[in-house]
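Protein chains in written order, with numbering that gives the first Met the number 0: chain F, 0 to 348; chain W, 0 to 124.
No lab work stands behind these hints, which were simulated from the structure alone. Heads up, a few of these hints could be off.
Facing chain W, according to a computed beta carbon distance under 10 Å, are these residues of chain F, among others [what the hints assert, rightly or not]:
#, residue
1, 65
2, 154
3, 159
4, 169
5, 200
6, 212
Quick reminder that beta carbons are idealized off the backbone N, C-alpha and C, glycines included.
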Amino acid sequence: MKYVPVQWNTNKWYYDAALLLGVALFLVVFIYIAPGVLSHERPINAPIHNARAFGACAFLMLTVILCIGPAARLDRRFLPLLYNRRHFGVMTCAVALTHAFYVLNWYFAFSPTNKFAAVLSSNTSFTQLAGFPFEALGVFALLCLLILATTSHDFWLKFLTAPVWKSLHYLIYPAYAAVVGHVAFGVLQDQGNLSFAWITGIGATLVAALHVAAALKERLAGDPLGAGADWIGIAPTTQMTEGYAKIARLPNGERVAVYLNQGKLSAISNACAHQNGPLGEGKVLDCLVTCPWHGFQYNVTNGQSPAPFTEKVPTYRVRVENGTVMVHRQANPPGTYVEPVPLNTGAMG
Amino acid sequence: MTFAETLVWIAQLWLTAGAVVAALFLLIGMDRIDEDARGAYVFRPLLVPAVLLIWPLVLWRWAVLETGRDNWAARHRPPRRQHLVFALGMAALIAFSLIAGLSVRQTWPAHIAPERLGQTDGVEN
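Here chain F stands alone, though its shape is the one from the complex (with noise of 0.2 Å):
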């Protein structure tokens, strides 16, 4: 399908417009009505304001964002969250851009000296945690959320291939952790109000807990490693359900997905081709299956996405041996048909 700017749907505007308004209301509230909260009782000017409004609200958004992957991993009913996180990501990033604009045209922009040298020069105590220059934690953080949201266009993952591309966001985990230090070794060095280290301190565990918590339980009760030479054994027969799919490591690797389908069973890679979500956790219908990240669909026969659309995954040829499901190792270039197997045979798929 070709490339457009941005694939709009209503879900989509509605998930926007709610983050423009949280955004709007965030900002409202930090400037104009809760200045003695947050410590802001003593006099500072619109730009030192401004600056910190966007600032905290950069945080928040951050925050909020690195919640969502894990939680929607521990509970499905979060799903819905991860709909449209990359434009929640992409409009973080240009809140952070907004911060370090009112940052550097005033902090930094009254001397002969050009502003960005400024930034890195005006405190070089690496050596020391006292008074450790948090500005380059900042500069850190922009540059790879600057990278995230520039490379968050479907263009990026299918030209880069989602282990560059998801490797290359990764970068958001080093990010969260420099922002957390540029918030540790900034504004929590004030001391008049422990507000923000309490918001901060908070946030940030929380989303340390759900990372750990969430890899946790994929790597203690994630999808199970199938097992077998050329023919990997997924599931009994006794455990498909018709219409849901069974999971599994192959030990290349990749995850395949084999589903029942009408009493038939039928074999794809786990990975969308959109953004790799799971596909075997959507439900099939009509042959069709719909990752539940996005609603990209597939033919579970053939890989293949219906028309108009262009999305193709890998197929597996399966096979039911002494009532265990099998599949061959070896992926079917994409978009490859496949013979559906009935669920009870012991015969050669």
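Add chain W to chain F, keeping to what the hints say.
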């Protein structure tokens, strides 16, 4: 030239090279390696900022696709196994940042009343 100025100069060079790559890739290369991009032009300006930032990666992938060395199976293998490593690493860095940041936080001596600085040597401080 100071170290900071050198970094800024390198960044400018990086972005300039990125602009050249962006022009070549978006006007010529993209149509050659992605059939979904043929005839689709409106979305291309959106890609410019990314090319400016990651242009070496763009050149590498462009070369891989042009020479037919792309491994189609690899794009269906998201690196999920690294989740735990990154989660634990991030949690450790967060804990360190919070503890270290709060431990060096200085407390204002409450028993000393603030004092407005007066005029000295004819200069208002």
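Consistency of the hints with the structure:
1. Restraint check, residue 65 of chain F versus chain W: the minimum CB separation of about 9 Å is within 10 Å; hint holds.
2. With a cut of 10 Å, the hint placing residue 154 of chain F at the interface with chain W holds, because the nearest CB-to-CB distance is about 6 Å.
3. A cut of 10 Å between beta carbons decides the hint on residue 159 of chain F: the least distance to chain W is about 6 Å, and the hint holds.
4. At a threshold of 10 Å, the smallest CB-CB gap from residue 169 of chain F to chain W is about 6 Å, leaving the interface hint in force.
5. Satisfaction of the interface hint for residue 200 of chain F is found here, the shortest Cβ-Cβ separation to chain W being roughly 6 Å, below the 10 Å cut-off.
6. The criterion of a C-beta within 10 Å of any C-beta in chain W is met by residue 212 of chain F, whose closest approach is roughly 9 Å, and the hint holds.
The structure meets every hint from the earlier list without exception.
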